[in-house]
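Peer 1: Below are the chains, spelled out letter by letter.
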Amino acid sequence: MNRVAWEHFPHAADVGVRGFGATPAEAFEQAALALTAVVTHTEVKAVIPVEVSCEAPDLELLFVDWLNAIIYEMAIRKMLFARFAVTIEGTRLNGLLWGECVDVTRHAPACEPKGATYTALKVEQNAEGQWSAGCVVDV
Amino acid sequence: MDTNRFTRVDDTTWRVEPHGAMRVPAIIYADEQLIGDMDDKVHEQATNVATLPGIVQASYVMPDAHWGYGFPIGGVAAFDPDKGGIVSAGGVGFDISCGVRTMLTGLKASDVVPLQRSLADSLYRQIPAGLGSRGAITLDPIDMDAMLVGGAAWAVEQGWGEARDLERIEENGKMTGARPDYVSERAKERQRREMGTLGSGNHYLEVQAITEIFDAKVAEAFELSIDDVVVTIHCGSRGLGHQIGTEFLKEMAVAAKVSGIDLVDRELACAPINSEVGQRYLGAMRAAINCALANREILGHYTRRVFAHFFRKCDLALLFDVSHNTCKVEQHAIDGRQRELFVHRKGATRAFGPGQLSLPDALRCVGQPVLIGGSMGTCSYILVGEATAENKAFASACHGAGRALSRHAAFKQWSGRKVVDELAERGILIKSPSMRGVAEEAPGAYKDVSAVVAAAEKAGLARRVARLRPLICIKG
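Residue numbers (this note's numbering), protein chains in the order written: chain A, 1 to 139; chain B, 1 to 476.
If you're looking for bench data, these hints aren't it; they were derived computationally from the structure. There is no bait here: all hints are sound.
Chain A stretches covered by chain B per the calculated footprint, using a threshold of three residues with CB under 8 Å from any CB of chain B:
1) 12–18
2) 58–67
3) 70–79
4) 106–118
Label pairs and their computed distance ranges (CB to CB):
5) A/Arg106 x B/Asp11: 46 to 54 Å
6) B/Ala317 x A/Glu124: 49 to 57 Å
7) B/Ile334 x A/Asn126: 45 to 53 Å
8) B/Asp143 x A/Asn94: 33 to 41 Å
9) A/Gln130 x B/Glu340: 51 to 59 Å
10) A/Val4 x B/Asp82: 53 to 61 Å
11) B/Gln356 x A/His41: 46 to 54 Å
12) A/Glu55 x B/Val329: 31 to 39 Å
13) A/Gln130 x B/Ala333: 55 to 63 Å
14) A/Val104 x B/Lys418: 18 to 26 Å
These numbers come from a predicted model, not from an experiment. Each residue gets a CB set at the ideal place from its N, CA and C atoms; glycine is no exception.
Bound-form chain A, shown alone (with noise of 0.2 Å):
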């Protein structure tokens, strides 16, 4: 399991999932967790290896691409995921997600995102050094 790191931010009709990390790759991992929240809070296992990876032109962009490349994952795989490794070199983007299926009656999924958006999108680091990235989902 990844340390915990992350955090939910109100939007009028959806939410803002926002990770924290000593990286942008740190923060990326945690803002996925914030994702399978969005969707249950029941432990999810990590059992089944996924692999994805993205290209933007930008950290935000990517933040984006990445987010969406587990909703795309979880949406035709039917699954859920509780473990993040990503690597940043560059523009490219490679992760790995770890999880199951989803299990309607013990994961009892509140929605179903639709995609990850640019509304209150930034990846940013802090004075102190720590990363951040967020962004509202569409659900």
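Starting from the known structure of chain A, arrange chain B on it as the hints suggest.
Peer 2: This is chain B only, laid out in the frame that chain A set:
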């Protein structure tokens, strides 16, 4: 928000004069209470839309508006291709052609109430809802393309609907100009096993009873009487539309820059209508509209099957099917001259008044049904388009109650179990895989739908015909 930021034109019309980069004014239709309760972001987003190239007349906002993505939810904006007008993926949204259909059952509440629980259980079993649910239909690549071109007409050909429905669906159930070849493989993959699924969030299937008639003449034309039972379905183009929205939002953020369009918000991502990207988006978006029309037709078919099992003589007839997240090419009179405009409605319902040639004979003399969803515990409304709406906001009206509280705040405030129990005491059965989902969609998280439709009526957008109360609600 602070009403002093607007020029008040009349009781329900609030205007922001063009300033800065705005090309046209922003006009919000709402009463003082509704506009007071709106987030400041609605003002910001409505004025941002007014900066987009080729916008005609004004950036309009409906009474149920709230903070959206680039465009406010409840936003209406029309663009002229001959004036450098744009088409915006953000202006349509992720859930392309999300919409509502209402079907008449020919039953009275007294027929349904004795069987209410079994009917709710059966609908919940037959209608796949929520993340992790599976549809019964899998499309191969040939069927997928046929569906994306044929829409509800395709569903009818497959035996998942009835031909008589088509004239009661926008575009006669089949949006022309759809280009499956502009839809990515990822979008198609996301839809391969999603046909006939309801989705989640604010999507629902409700069995409702009519509790009040406001306009007897129009109600007669719509075949609505007190205590009649109807079924209303709210959903959209599922994963396919979400993926198209995601991909074009990214592509248009780049395309806007290339076209020299200065976006004040990245979410306004757009491209000139007369550009390669713009045309490609329109082709893909129209395919997604067909996906939504087909999906609602299939869900209607499933509903018919369940009702036929419980009520031998019942015949579900479609009143109307209308989308509220679209961009449509329409003719509108601007300064006495007909112009072809690309009308974006994002969380706003098309609301044609009487005389519109695209309406079927039975509806043409009274106007288009405008279907307004409430929340699980409150009422829904059926309105009719007003002739005055044409000049108010390109024949558009509100689409629902609109959220008042975030999902986050709603979850903190309510327990899903308690919401379900309280509604059951009031004769409303909720079926959902998630109690947290129910809490996030609690009736109290929405604005007062009655205030919204009263404001829409006062503003001359659409007129109330009937009010409905829920008996059964299936939530994803």
